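Below are the chains, spelled out letter by letter.
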Amino acid sequence: MTDDRLWLSLLDGAGRLRIDAVNKLSMANLSTWLGDVLRGDQVATGADRDESPVELLTRTYHRLDPWVRQTFQDILLEFLSELVRAPDSRWKTTAAEHLLLLVAAVFPGMPTLPRAIDLLRFIVDTERDSAGSAAHPVPVFALKCLIALGHRTAPAFWLRQYDRRGARAAGPVLRGLALWDLASPFVWLADNAHDRAATSALRAALPLLVEKFSAGPIREQLARLVPRLSGDDAAALARTCKAIGIGDPLGPPDGGSHLRSDVLAASLARDVDAAGLSQLSAPGELREQLEAKLCAIDAASDDPTYVRALLFLANSLLDTSATHDVLKRLLDTWRARKPSINHRRRDALVQLIEELDRVAATPEVSFRLQAFADLLRHENLNVVSEFDRIASSWMDG
Amino acid sequence: MPREPSGAAPVLFDASLQLRDDPEQCAVRIMLNRVVAESVVHDRMFHNLLAETQFSAADVEELLQLLHSLAAGGTPIAELCQRLRQFCAASAHGQPRPLRGRPAQLGQGPLGRVVTLRSFAHLLVHMEHHTDLEEAVSAIRAMLGTPPQDFPIDWQRYPLGRYAMWSTFDESGARPFHDTRSASELLELLGLDPHHDGDLLLVFEYKLPAAVVSHVPSFCDAYVGSWNAWFRVSPHEAPFGRTRPVGEREARGVPEVIHEVVTASALEAPLSFRA
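Top line first, the protein sequences correspond to chains Z and R. FYI, numbering that gives the first Met the number 0 numbers position 143 of the first sequence as 142, with every residue one higher than the one before it. FYI, numbering that gives the first Met the number 0 numbers position 149 of the second sequence as 148, with every residue one higher than the one before it.
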């Protein structure tokens, strides 16, 4: 367990974690401390009452120095190895859940991702959980972790997991199949329409599926599935569809109001100005993708939406001065011309944002990217003027 | 936990300590002074301990015995804090101590609660309502601006808190947070960790179901889990607690109560967020 002095040295006067102190921990001390927090042996003083150990550690991880983040990842891989070797040792159910949630938050887009995937696959593939049989929760946690890490593998893997683990695995099975293609989860759902866990998993995942595949193809799949569902499940699904704005799957297409974009617009405008936002740093892969896209941009672009979007992305995701310089040049060019909206470029930008979203490091980044994509899809004058204002203040700053 | 009858003088820890014999009193005070020196959080915990008016005589007796036993062994601070959390969690007889403060007097308007988007998404994943954070965030986002009566049926079971719910209300009966605009303003007002500045904050407005009682937050509510630097105990017979805004601008504190977790079926207004 973490030494008393060491633990207290990590806290500031208000009892909050000091990132600079965590940065200075040796690997051994960092490992001990991480293990203690994950197992609940150390409660972070000064934290929010509702904050779980995973949230604390995720928030901490993203603020650490890059080389400490690497050490952090190495330690998590070692913990995963322990879980593989001796699942009933110090990684009891809750601690294992915390560990796997943290792995899901830390490894997307990292070079160490394949190693983490291998270990997770080992947890779900081996029959080591015979004592607890299929009810053992840790392999299901591992399946969820694989989903969070975007592990794309053939449908047979996920169908095997459902056969073996049943209802509790329905959520990750549906999502795993959807990582393969849109049809696979609906074929599985049609075969298991009697399983309330499967239909419940569909309702839970529906907003995300609509974001990934868009409403039209989802509605087509739902229209084929609904006749197979029980009355209750069909009604619950119809209600979910209405709530998320895609209308009754068996009814006429619903144009739907997108008033949420107005709510998002005002909040996003504040996002860009928020002092804390610039502290969000992008993982390497995300940064590389964006920089590659920037290099391909025509510097004479006169599309204001495009420029504003890039500014937003820069403010949200990047901290390199070189990229800021590119964006400033773009904005200068745009200001010197008569701006006009170019819908083709706007669509391209939505696509770019969706690509970036797939590798976004945190839910916050993902949330902002998706919200901005929404703004572009349902653009109105208020949004444009708001982003004009932000762009100007950014330039002046 | 037995309570003193209304109107009776509160049982204060410090007064009870003064009645102990000198060596015991001295040992406990030395140890508490050691705790106070650690940080502002520890110092405030100590002052809240002294000011708490919702302890029963049995609570104070158990606490004094606990502290005396720990003082004798030169207990490390971290262990002492852990034992204090255990004390707050339940009595020696297994009686839970959180959510046992006196009933609070609520205003006419709805209750309000603020959580980070990240926290709420984590909770929904932990409760197995969603597979991962991406799915949970997407589901939450899809509900922004949607009237609660139109929520999917599954949302009726979604909890709005993890252990117990800390909430506020507007004393004039207006909607909570109607005059606060930004996330940082809300964090400051509610005495929440300013390190969340930059996080998206979800705002819940809800009505308490008839069967759920709200309480004046007590020392045990505040120190059973993570210790918040900005909690303060309420004066004797105060109708509700009051937040200590970050930076201690006392005049801007708002009412604060605590109650059992309720679900999204209690929501009265669409989900909204502040950035």
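A hint or two may mislead.
[To be verified] Once the Cα atoms are required to be at most 25 Å apart in a straight line, the calculated SDA-like pairs of lysine to any residue come out as:
#1 Z:Lys23 / R:Val39
#2 Z:Lys91 / Z:Pro110
#3 Z:Lys241 / R:Asp153
#4 Z:Lys91 / R:His128
#5 Z:Lys91 / Z:Asp64
[What the hints assert, rightly or not] Over 12 Å on every C-beta distance to chain R, these chain Z residues come out as not near it, computed from the model:
#6 Ile74
#7 Arg84
#8 Ala155
#9 Thr239
[Said to hold, decoys possible] A short list of chain Z residues far from chain R (calculated; beta carbon distances all over 10 Å):
#10 Thr31
#11 Trp66
#12 Gln69
#13 Gln72
#14 Leu181
#15 Ser199
#16 Ala200
#17 Ala242
#18 Gly244
It is worth saying that the hints were derived from the structure and are not from the lab. Being a predicted model, the structure only gives us computed values, none of them experimental. We put the CB at the ideal spot given by N, CA and C, even for glycine.
So, going through the hints one by one against the coordinates:
1. Between Lys23 (chain Z) and Val39 (chain R) the alpha-carbon distance is near 23 Å, which keeps this suggested pair within the 25 Å criterion.
2. As the CA atoms of Lys91 (chain Z) and Pro110 (chain Z) are separated by approximately 28 Å, the hinted pair breaks the 25 Å bound.
3. The hinted pair formed by Lys241 (chain Z) and Asp153 (chain R) meets the criterion: a straight-line CA distance of about 13 Å does not exceed 25 Å.
4. About 22 Å separates the Cα atoms of Lys91 (chain Z) and His128 (chain R), which keeps this hinted pair within 25 Å; it holds.
5. Between the alpha carbons of Lys91 (chain Z) and Asp64 (chain Z) the distance comes to roughly 30 Å, so the proposed pair goes past 25 Å and is violated.
6. Against chain R, the non-interface label of Ile74 (chain Z) holds: every CB pair exceeds 12 Å, the least being about 21 Å.
7. The beta carbon of Arg84 (chain Z) sits about 25 Å from the closest Cβ of chain R, which is more than 12 Å, so the claim that it is off the interface holds.
8. With a minimum CB-CB distance of about 20 Å to chain R, Ala155 (chain Z) clears the 12 Å threshold, and the non-interface call stands.
9. Not every CB of chain R lies more than 12 Å from the CB of Thr239 (chain Z), the least distance being 4 Å, so the non-interface label is violated.
10. Listed as outside the interface, Thr31 (chain Z) is consistent with that label: its C-beta sits roughly 13 Å from the nearest C-beta of chain R, beyond the 10 Å cut-off.
11. No Cβ of chain R approaches the Cβ of Trp66 (chain Z) within 10 Å, the least distance being about 22 Å, so the stated non-interface status holds.
12. Even its closest Cβ contact with chain R, about 23 Å, leaves Gln69 (chain Z) beyond 10 Å, as expected for a residue assigned away from the interface.
13. Remark: the non-interface label on Gln72 (chain Z) is consistent with the geometry, its nearest Cβ contact in chain R lying 18 Å away (cut-off 10 Å).
14. At roughly 16 Å from the closest C-beta of chain R, the C-beta of Leu181 (chain Z) stays outside 10 Å, upholding its exclusion from the interface.
15. Separation of Ser199 (chain Z) from chain R is inadequate, the least Cβ-Cβ distance of about 7 Å not exceeding the 10 Å criterion.
16. With a minimum CB-CB distance of about 7 Å to chain R, Ala200 (chain Z) fails to clear the 10 Å threshold, and the non-interface call is violated.
17. Under the 10 Å C-beta cut-off, the non-interface status given to Ala242 (chain Z) relative to chain R is violated; the minimum distance is some 5 Å.
18. Remark: the non-interface label on Gly244 (chain Z) conflicts with the geometry, its nearest Cβ contact in chain R lying 7 Å away (cut-off 10 Å).
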